[in-house]
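Student: Each chain, written out:
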Amino acid sequence: MVGPAGGAPLENANPLIYRRSGERPVTAREEDDELPDSIDDREIFDNLTHLIRSINDPEHPLTLEELNVVEQVRVKVNDAESTVAVEFTPTIPHCSMATLIGLSIKVKLIRSLPERFKMDVHITPGTHASEHAVNKQLADKERVAAALENSHLLEVVNQCLSARS
Amino acid sequence: VDEEEEYECVSVLNSHTQDVKHVVWHPNQELLASASYDDTVKLYREEEDDWVCCATLEGHESTVWSLAFDRSGERLASCSDDKTVRIWQQYKPGNEEGVACSGTDPTWKCVCNLSGYHTRTIYDVAWCHLTGALATACGDDAIRVFEESASSTPQQPTFSLTAHVPRAHSQDVNCVAWNPKEPGLLASCSDDGEIAFWKYQRPEVC
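As you go down the protein sequences, you meet chains A and B in turn. Under UniProt numbering, the residues of the first sequence are numbered 1 to 165, in order. Under UniProt numbering, the residues of the second sequence are numbered 1 to 206, in order.
Hints are not guaranteed to be accurate.
[Unchecked claim] Okay, derived cross-link-like pairs now, BS3-like style, lysine-lysine, Cα gap no bigger than 27 Å in a straight line:
{"hint": "1", "chain 1": "B", "residue 1": "Lys92", "chain 2": "A", "residue 2": "Lys118"}
{"hint": "2", "chain 1": "A", "residue 1": "Lys141", "chain 2": "A", "residue 2": "Lys118"}
{"hint": "3", "chain 1": "B", "residue 1": "Lys92", "chain 2": "A", "residue 2": "Lys136"}
{"hint": "4", "chain 1": "B", "residue 1": "Lys109", "chain 2": "B", "residue 2": "Lys92"}
{"hint": "5", "chain 1": "A", "residue 1": "Lys141", "chain 2": "B", "residue 2": "Lys83"}
{"hint": "6", "chain 1": "B", "residue 1": "Lys83", "chain 2": "A", "residue 2": "Lys76"}
{"hint": "7", "chain 1": "B", "residue 1": "Lys92", "chain 2": "B", "residue 2": "Lys199"}
{"hint": "8", "chain 1": "B", "residue 1": "Lys83", "chain 2": "A", "residue 2": "Lys136"}
Quick caveat, the hints were computed from the structure, so don't treat them as lab data. Quantities reported herein were computed from a predicted structural model and do not represent experimental measurements.
The following block holds chain A by itself, in its conformation from the complex (with noise of 0.2 Å):
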């Protein structure tokens, strides 16, 4: 099998895939039109215009939740202090897309929700190698900016964030 670069073979050729979860079912609370919506865990999981749940793994034809790389028990949303917290799991330890993957989340959030929440994007502690060089990068802000003035990058980025056909 190869990869998106036509040569280099996939790193994890046989990845596990899990079944994605069902629609969440619309509480009274919600329908309630005169109630003001907060931003909870699953919204963030959900597909709020294509949230993460649907981002698309840079080498399968799958989505990162398929993959088990994000769930909706690693997404912490507190919206009255405006802080996200995503958890992303990468299926290997050695995973060389990890950083490529941690940053399509952070974009992904950062043109999904209001300004005024901090997000922050890490990996699950203990599933990656390069664990605290990924998070540190994802942290920071004047990295991940420059990074996306890196035209092939954010094009691979937006190929990861675009919609499956």
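Please arrange chain B on chain A, whose structure you already have, making use of the hints.
Tutor: Chain B only, in chain A's frame:
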């Protein structure tokens, strides 16, 4: 210097191993300090027509974003992604405290660590040369001011938090600057696109 080119590059220093976030000159010595993503602060001085790194200050546990010297230049404040502000003190060779120096270069020791006050990355620190007050710009949208407390000694300074504005801006505060002429006048700027002016007054008891 050419009429067309205003500046001529005299030296390139690449001691740091990662991005350099900030540089600042010493107030009265020919000394430069730099802060980096590599978690260190480095100091440089001129030596025979070139600049050399004469000290590396280690201690921060993450990126050092900014630096500020106090008025005398004997102390340096650094702020970091590790949410602390550290105060470094200069010890010259032959100093009374018996701090070892290598050759003719002063040693810089960390004499104070302000931790537990900031909840996110600290992007900037500014040291007022009129009043000695320390202001910080933080990623939690707040501005804080610290002053040296009464119990402070020269070798073991202590600072207390004398002002805290939790929502100084609606997003990260990137920079703070004390007005050099008017005591207590502070400017700040933020990711939210705004610049704010503040009037700080030292509280009665510190």
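Student: None of the hints should be skipped; say for each whether it holds.
Tutor: Hints, verified against the model:
For the hint pairing lysine 92 (chain B) with lysine 118 (chain A), the CA-to-CA distance comes to about 43 Å; that exceeds 27 Å, so the pair is violated. Distance hint between lysine 141 (chain A) and lysine 118 (chain A) is fulfilled; the C-alpha atoms sit about 11 Å from each other, no more than 27 Å. Using a Cα cut-off of 27 Å, the hinted pair lysine 92 (chain B) and lysine 136 (chain A) is violated, with the two alpha carbons roughly 35 Å apart. Proximity of lysine 109 (chain B) to lysine 92 (chain B) is assessed by CA-CA distance (about 11 Å); at most 27 Å being required, the pair is judged to hold.
At most 27 Å may separate the alpha-carbon atoms for a hinted pair to count; lysine 141 (chain A) and lysine 83 (chain B) meet this at roughly 15 Å. A hinted pair counts as satisfied when its Cα atoms are at most 27 Å apart, and lysine 83 (chain B) with lysine 76 (chain A) qualifies at roughly 21 Å. Our distance criterion of 27 Å between C-alpha atoms is broken by lysine 92 (chain B) and lysine 199 (chain B), whose separation comes to about 36 Å. Distance check on the hinted pair: lysine 83 (chain B) and lysine 136 (chain A) sit about 14 Å apart at the alpha-carbon level, within 27 Å; holds.
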